[in-house]
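Chains as they are written, first to last, in the working numbering: chain A, 1 to 250; chain B, 251 to 474; chain C, 475 to 1324.
For the record, the hints were derived by calculation from the structure and aren't laboratory data.
Incorrect hints may have been included.
What the hints assert, rightly or not - Below, simulated DSBU-like cross-link-like pairs (lysine-lysine); rule was C-alpha separation at most 35 angstroms, straight line: (1) 160/A - 698/C; (2) 1095/C - 266/B; (3) 162/A - 698/C; (4) 162/A - 712/C; (5) 196/A - 162/A; (6) 196/A - 83/A; (7) 712/C - 1094/C; (8) 490/C - 864/C; (9) 1079/C - 712/C; (10) 160/A - 68/A; (11) 698/C - 644/C; (12) 490/C - 1095/C; (13) 83/A - 644/C; (14) 229/A - 68/A; (15) 229/A - 83/A.
As the list claims (entries may be wrong) - Covered stretches of chain C, as calculated for chain B (at least 3 residues, CB under 8 angstroms): (16) 484–493; (17) 768–781.
Because the structure is a prediction, the values reported are computed rather than measured.
Virtual Cβ for every residue (Gly too), placed ideally from N, Cα, C.
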Amino acid sequence: MNKFGIVLALSAGLIQAQDAREIVTEVQRRARAESQRYEGSLRVIDSGGRVTDKSWQYDRLGSHGNSKAILRFTSPPEVRGVKLLVLNHPDRASDQWMWTPALARERRIALQDRSTRFFGTDFSFEDLEERDVEHYDYRLLGQETLEGHLCWRLEARPRKGKSSQYTRSLLWVRQDIYVFVQVENFVDNQLARRLKYGDFERVAGIWTGRRLEMHDVRRNSRTILTFDKLDYNLPMQEETFTLQALRRGL
Amino acid sequence: MIELAGVSKHFDGKRKVVALDTVDLRVERGEMVAIVGPSGSGKSTLLNLIGGLDRPTAGEVRIDGVSLAGLNDDSISRVRRDKIGFIFQFFNLLPTLSCLENVGLPLHLRGWSSQRVNERSRELLNLVQLSHRLEHLPEELSGGERQRVAIARALSIYPPILLADEPTGNLDTRTGAEILALIHDLHARLGSTVLVVTHDMTVAASCTRTVSLLDGRVAEDRRQ
Amino acid sequence: MKLFRLLSWQYVRKHKLRSVLTLSGITLGVAIFVGMHTVNQSVLSAFQHTVDRVAGATELEISAGEPGFEEEVLERVQAEPCVSAAAPIIEAIVDTGSPGQGSLLVLAVDMTGDRSLREYDLESGESAIIDDPLVFLAQPDSIMVSRQFAQRNGLRIGSGLALETMEGPKRFTVRGIMRTGGLASAYGGSLAVMDIYAAQLVFGRGRRFDRIDVGADAGIGPEKCRERLEALLGPGFKVEPPSARGQYFASMSQAFAISISFASVFALLIGIFIIYNSFSIAVSHRRAEIGILRSMGATRGQIRNLFLAESAVAGVIGSAIGVGAGILLARGMITYTSTYLRDLYGTAQRAETVTTDPPLMLCGWFMGLLASLAGGWLPARSASRVDPVKALQKGKYQLLSAGENRARRLAAFALGCISAACLLLSSSPWAFYTGYVLAVLAALLLSPALALWLARALRPVLRWLRPVEGALAADSLIQAPRRTSATVAALMLSLALAVGFAGVARASYRSIHGWIDVALNPDLFVTASPRITARSFRFEPEVETRLRAVAGVREVQAVRTPRVLLGDTPVLLVAVDIGRLIRTSRREPLEGDGDTAYRLAAEGKGAIISDNLALLRGLKKGDTIELAAPLGVLRLPVLGSLVEYSDQQGSILIDRSLYTRYWGDTSVNTFRVYLEPGAAEAAVRQSILEGFAGERRVFVLTNREVRSYILDLTDQWFGLTYVQLAVAVLVAILGIVNTLTVSIIDRRRELGVLQAVGAVRRQIRNTIWLEAVSIGVVGLLLGLALGALNLYFSVEMVRQDIAGIRLTYAYPWLTAAVLIPVILGAAWLSALGPAESAVRGSLSEALEYE
């Protein structure tokens, strides 16, 4: 263990003594950007080894908990042109609309069950939400080395009154760059989903894992999401993130 | 014992017919009485009244001291069932039933068990010498044989009273004589009271008493 | 029992044909009873089954009648905290176009949110569609079908399936196949699921939903949630558990249920008559046997019980066969009936299998037994009263005593008086039906006396025709009224029914024709479905402008005809521009001033209701009707009523502007198109079709086609009636055969004597023929007379209870005229067999009979 590591380890102990929550807050703080854009490709490999690919272009405006995002599907051809508008609210569930070009109309996605899988991936809608730190209680369980990096191991439990499909989650946060490396979600002490971050790269000063792999343990199916042409803080128009814009075909 | 006191029977139609006109008659137990008279003199009506098949317009019929006038239809039926056996000129056998079944019918009406009915019927058909015809249908029998089945049926309950309406009227002379002999034989053996309506003077002559009817009245009552 | 085995069984064995006929009387009655009710129940339960399957975990359904409601209602419902899941639904029935497959129920849902209420159990490997509805939603031609439907049509994933849509036939792509069972078994398995927003387009629904299915929050429960939603949405919306729809279906098809009950009761009555007839004949046949039994001391009770036991056994066996035959009958009728009811009421059900209901079967069996006992009761009683003396005297008939005759006449008179009193003094249905039954009973009681009287009157006529044979035939009737009275009564009743039915049918047709002539007088009807009762497709209002532009078109009237709830029963709302309507087809209201009524109605200040609605609901001019619409409660004064046959449960005519305002629905079911004078119907039709070709679904029906469609439905409605008529007449004829057979047996000696004194066979034959025809004449005269009375009751019944339709009383002279040769011919035909047997019988045997 090098010197740098020891310093980090010491500071980690310090933080634990203060508050585990601050680690998570720090992770979020460091990831904050005015906007984000990337081209995502999504690959689902189900338990039978069957592979489906999709790709989209992703634009996000605004920061955590109050952002607006548009997902434009670019392939396969059957879904090309389908757009997803997500308006996140800090105090309530997000509003989502889907635009289907063949019908030339948008529909509201009436999501009543956040555990529903997101369009056939191993992510549930809840997994893709921007989580508010305040909705969970955190506990620092210790530290361990993961993929060659020293990490804090934290436990998050939803606070009373905050619903989640999971009873608890384990979070691994890289101590050097304050990013999540792995998240394990449990339902009644059974591991349900494991999300791994990889291919970390610093873009516009923000460390981002460009490869996300979600493993649905119960279905034994995995989804790999990779970010290409990732960029932050590009200028974006508020008007783009409205239903009117969706209808105009922006 | 049969008693008729002032019995009259009228039939009301377009033309009023007096079938019986204040007839008084008393027949003691064990008597064998012939009732004779020309057509329409009221012989059959008399028999029907005694058998309770019909009710008199006036007067009273008593069987063993019980007046039929005071009884309702069901009670009269029961009297008939328990005390009276009918023998008809035209046999009146049920064509679809075998001899055995025909003879057993009155016993079934009394609710006897099948086995008992069977035993009694065989016994009676033996008595009338038809034990070889048990399962035959009436149409397979000669006239005399049919009348013997009818007699066996009338006797099935060993009735104290046997009413016979022209029992030999539909038979040839020889068979008629056989049937008459049979009736005498049974009368002697069972001691029933027997009333025979007949045209046949030989039949009448064989009885101990002859009652002659004329126009609904007893014209003559002669004991031999 | 012993007696039964000895005597009855022998009789049955000897008269096999007659016994079979006796049994078949009860069998027929029970079969029709069980069959018809089973069909009705099966259709109802198929409907309920479809509702249940489609409902899935739905606890409450939000609906606003057939017009549906705006999309925004969904967001309001979803925002209600007691709602754990809310999913919009559109249901449509479409023709598949593939021969023999009939229709397909298309359930349109929002796949992104619907799974919390419904399980889409897809074939393995296809689950991606459910989890990833992206492709399914992105392509509006996506459709999921049931395994059953896929197999029947040879469909696989990726196969094309052509369905009728607003844009004409459209090719859909099968993107999912649902496993058999569960949702996929709804509508007899002919189920398809598609995206609701695609369905709005395809079925011309605009931005509206038919229904929202709701799952209530477990902590709050459906009852509380229902109250909250009702408060939230107002009276224009119904919030009910899915099972409630079965009740609406039942109340809508009530007229059908009543006519089924009527047919069943009628069939059982026929059964009673057959039993009565057969047993009457058996009793006179077996009079000698009864006499012998009585002479041997059998009591009256024993005789009566013997015959009752026979009828009970006939009932038990006949009913059991009847129940089985009823199920078979139901199987044969089920598909037809289901389709017919769908056409008639536009409901989604597809019944292909029969649901057997043990209580119903038991009930049918028991009714058959009761009917048999009822039919056997009178003959058994008369058997117990057989005079043994007369029975034992060969060749004598037992005449109806004068006293008995007088008693009957008195009873008939009393019943007639009570019946008249019932009708005059009270208007309650009880009094009405009591009056009906009593009047028929009075006629039955009088029929022997009347028959005797008629036979006496006929004697000189017969004598004049054939001095010897005629007199003998008449005397046979006169001397043995007991023998003929049952037959005459049966003939009388069935003819009376025939006259009643024919009268109602004729009056209905006439009335419907009158209605069609005025109300349905447009030259062309432009609809979105090939049938005008189908409701799955609708036009948007803009079509009107385009129709007006077609050369040769003088006038176009948009009509919207949704079913809405008035109280708890669905009625038909007819929304049309009244100001324009009355210029082309104005009918005078039955009460009130037409000008005022139509002016107010056109201004949206009132409604004109159908006559049957007025009668069925007891509404009159000036009353207020209340229609709860999604956008408010509509209270309208009744301005008048019209003769109108659009719907059996009644219809309400309002101005279309009012409808649009309260229901927020501008869609159109039918355009009534009038042509310029001289414009060729075929040409205009062609240019309309061409104008919309390839763009939308348009059907142009000519006046003649609509007319014949409506008359077709009416024909089907009355079809059952005609079958009943035929059965009734057949049964009556059977009675004649029976009567003649007995008559010949009774008169064998007489006929033998006739032959002995030199009558030739032709004369014997003539006697019997004349006797049969005389029975026919007597029955005809009495039947046609009683028919006049029966028609009165039938017309009243239709008015009061079945459809609320005022029919004019008009005696069906034509039917009566047709019945005369039919019945006389049938009587003669039925005499052929008995006459031959009388002629062929050996002479010596006949004379020796005693």
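Results of checking the hints against the structure:
1. 160/A - 698/C: With a Cα-Cα distance of about 25 angstroms, the restraint between residue 160/A and residue 698/C holds, given a limit of 35 angstroms.
2. 1095/C - 266/B: Judged against 35 angstroms, a Cα distance of about 72 angstroms means the pair is violated.
3. 162/A - 698/C: 24 angstroms, holds
4. 162/A - 712/C: Holds, because 33 angstroms separates the two Cα atoms, which is no more than 35 angstroms.
5. 196/A - 162/A: Distance of about 25 angstroms is within 35 angstroms: holds.
6. 196/A - 83/A: 27 angstroms, holds
7. 712/C - 1094/C: Judged against 35 angstroms, a Cα distance of about 27 angstroms means the pair holds.
8. 490/C - 864/C: Holds. Residue 490/C to residue 864/C sits at ~28 angstroms (cutoff 35 angstroms).
9. 1079/C - 712/C: Measuring from Cα to Cα gives roughly 25 angstroms; hence the hint holds.
10. 160/A - 68/A: Distance ~27 angstroms between residue 160/A and residue 68/A Cα, so the pair holds.
11. 698/C - 644/C: 44 angstroms, violated
12. 490/C - 1095/C: 63 angstroms, violated
13. 83/A - 644/C: 26 angstroms, holds
14. 229/A - 68/A: With a Cα-Cα distance of about 19 angstroms, the restraint between residue 229/A and residue 68/A holds, given a limit of 35 angstroms.
15. 229/A - 83/A: 19 angstroms, holds
16. 484–493: holds (count 4)
17. 768–781: holds (count 9)
When each numbered hint is compared with the structure, violations occur for hints 2, 11 and 12.
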